[in-house]
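Participant: Kindly generate the complete structure, drawing on both the sequences and the hints.
Line order of the protein sequences matches chains A and B.
Mapping the first sequence onto the numbering used here, position 33 (from 1) lands on 33, and the numbers just tick up by one.
Mapping the second sequence onto the numbering used here, position 213 (from 1) lands on 213, and the numbers just tick up by one.
A portion of the hints provided could be inaccurate.
[Said to hold, decoys possible] Below, a list of computed lysine to aspartate or glutamate pairs in the EDC-like style, where the Cα atoms sit at most 16 Å apart: (1) A:K122 <-> B:D263; (2) A:K50 <-> A:E9; (3) A:K57 <-> A:E21; (4) A:K118 <-> B:E268; (5) A:K117 <-> B:E260; (6) A:K49 <-> A:E9; (7) A:K57 <-> A:D26; (8) A:K57 <-> A:D45; (9) A:K76 <-> B:D142; (10) A:K50 <-> A:D80; (11) A:K122 <-> B:E268; (12) A:K117 <-> B:D263; (13) A:K118 <-> B:E260; (14) A:K118 <-> B:D263; (15) A:K76 <-> A:D51.
Simulated from the structure, these hints should not be mistaken for lab results.
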Amino acid sequence: MQDALGHLEFRVMEVLWAHGESNVHDVVQRLGRPLAYTTVMTTLDRLFKKDLLVRRKSERAFLYAPRRTRQEWERKRAGDFVAGFLASPQASGDLLISSLVDAVGQYDTALLDELEKKIRTKRRELGRRGKI
Amino acid sequence: MTLSYLPRLLCISLATFFLVHLALGMGVALIARPAARLGERIRPHLAARCLLVLRLLPAAGAAFIVVAVCLPSYLWLEPEAPTERVGFGCLSVALLGTAMWSISIARGLRAAAGSRRFLRNCQRAGRPTRLPGEHTDVWIVDSTAPLLALGGIVRPRLIISRGVASALSAEQLAAALRHERAHWTARDNLKRLCILLTPSILPFAGGSRTLERGWRKFAERAADDRAVSGSAHRSVALAAALVRVARMTADAGDTDALAERVDRLLREAPPSPAPQPMLALSGILLIAASLAVAILQPAALYSVHVALEHLVE
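Facilitator: Given below as structure tokens:
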């Protein structure tokens with residue numbers, strides 16, 4: 001999961017997930033390595049723009065907090081990966097996955113309308129015969 | 001180049017594998033299209049099995065020749081001379097054999113790693129859920145993607161996106177899950193791995209596409225048959241599920257496969273294939289054992305050894 005964020009971004013997120021709402025100074029202190037105040041401030045701003053943090057002004061400084069819990073964020077990331085993977089052209093062709101979608105491929109609406117019409121007709125036919 | 005006893009054996013084995021594979025592969029390439037067409041006239045599970053056997057035949061046949069013929073001949077008749085000259089031709093063919101195996105092993109490993117990653121993400125994004133009427137957990141992924149799949153080999157997992165779960169009615173979902181479970185029963189993911197790990201029937205030139213596409217098509221139909229098990233009710237439900245999931249995909253594209261499958265399900269409620277566990281495998285093992293016994297005669301081994309000497313030179 002870390003590869004979705006830069007190393008410093010991920011460390012900053014870890015600090016915020018562990019300690020909750022913090023200002024830039026708090027994050028610098030908790031990172032446990034000497035980093036310039038402005039570097040951390042820029043990183044927090046970038047994470048806010050990526051919609052991973054929320055912030056509010058308290059006196060003259062911003063307080064940052066994670067928008068999602070770590071578990072929620074990991075779940076969302078995984079969901080995005082799955083959706084992105086399914087949208088890719090090779091999809092499951094070269095994977096050890098038997099997929100109903102892979103089996104049916106991608107189709108035009110007219111054909112699907114036609115097939116649904118056939119299914120309705122078959123249902124009616126079976127209904128008349130008392131099978132459904 | 002001069003090589004010692006064991007490197008020479010390795011070189012001869014790889015070269016023999018490549019040459020036998022090439023010969024068998026050319027034969028299989030010739031009958032691939034007629035075999036795929038013939039598949040339309042027999043039961044899908046038999047068609048899928050035949051095409052799979054043809055796809056794996058060159059590699060399996062070449063491996064059999066190496067293990068059952070070359071190895072015994074070399075080990076019994078080759079004097080343990082410390083070194084012997086190996087010709088350029090033999091070395092080149094052995095290198096081609098090595099390259100052929102490297103490509104297919106890399107493809108298999110890439111597929112295994114990609115599948116593992118996909119499943120791990122599905123599990124992170126989802127929750128195990130016991131659906132009504134089901135005996136095992138299904139992973140429901142919080143996504144609107146058109147996902148309904150069986151992933152993995154050792155511990156396969158059924159994965160559905162929330163979008164699909166809510167788009168299908170209860171009976172459609174049950175039919176679709178039966179379809180995926182049929183892939184599980186047929187060990188289709190393991191067969192996929194075998195296909196990926198096996199060199200193409202014509203090394204470096206592909207030639208496996210017809211057989212692989214045919215196998216996938218008939219494996220899907222066989223899974224349909226197992227899911228439906230002769231019930232008209234389930235047949236219509238599965239057809240409806242296919243169309244419903246297809247509607248969730250974004251783009252227009254190939255339409256034949258879906259139309260064929262839906263038409264087939266509506267035309268008849270295909271009966272489930274009768275289980276024939278190990279029958280085909282037992283037959284293949286019996287034939288291989290008989291061949292090995294026939295070949296492992298002193299005269300035959302001597303002839304093979306002479307042929308190998310020519311190959312080395």
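Participant: Hinted pair, alpha-carbon criterion (16 Å max): K57 of chain A, D45 of chain A. Please report holds or violated.
Facilitator: Cα-Cα ~13 Å, so holds.
Participant: Between K57 of chain A and E21 of chain A, does the CA-CA distance stay at or below 16 Å?
Facilitator: 12 Å, holds
Participant: Quickly compare the C-alpha distance for K50 of chain A and D80 of chain A to 16 Å and report which way the hint goes.
Facilitator: Holds - the C-alpha atoms of D80 of chain A and K50 of chain A are around 15 Å apart, at most 16 Å.
Participant: CA of K76 of chain A to CA of D142 of chain B, is that 16 Å or under?
Facilitator: 8 Å, holds
Participant: Going straight from one Cα to the other, do K118 of chain A and E260 of chain B come out at no more than 16 Å?
Facilitator: Status holds; Cα separation ~12 Å.
Participant: Sort out whether E9 of chain A lies within 16 Å of K50 of chain A, counting only the CA atoms.
Facilitator: 11 Å, holds
Participant: CA of K117 of chain A to CA of E260 of chain B, is that 16 Å or under?
Facilitator: Judged against 16 Å, a Cα distance of about 15 Å means the pair holds.
Participant: Need the status of pair K49 of chain A, E9 of chain A: alpha-carbon distance at most 16 Å?
Facilitator: 12 Å, holds
Participant: Run the distance test for K122 of chain A versus D263 of chain B: straight-line Cα separation, threshold 16 Å.
Facilitator: Roughly 10 Å separates the two Cα atoms, so the pair holds.
Participant: For a C-alpha distance cap of 16 Å, please report whether K57 of chain A and D26 of chain A respect it.
Facilitator: 15 Å, holds
Participant: Given the hint that K76 of chain A pairs with D51 of chain A, does the C-alpha gap stay at or below 16 Å?
Facilitator: Roughly 13 Å separates the two Cα atoms, so the pair holds.
Participant: Can the restraint linking K117 of chain A and D263 of chain B be considered satisfied, given a maximum Cα separation of 16 Å?
Facilitator: 12 Å, holds
In summary, the structure agrees with every hint in the numbered list given earlier.
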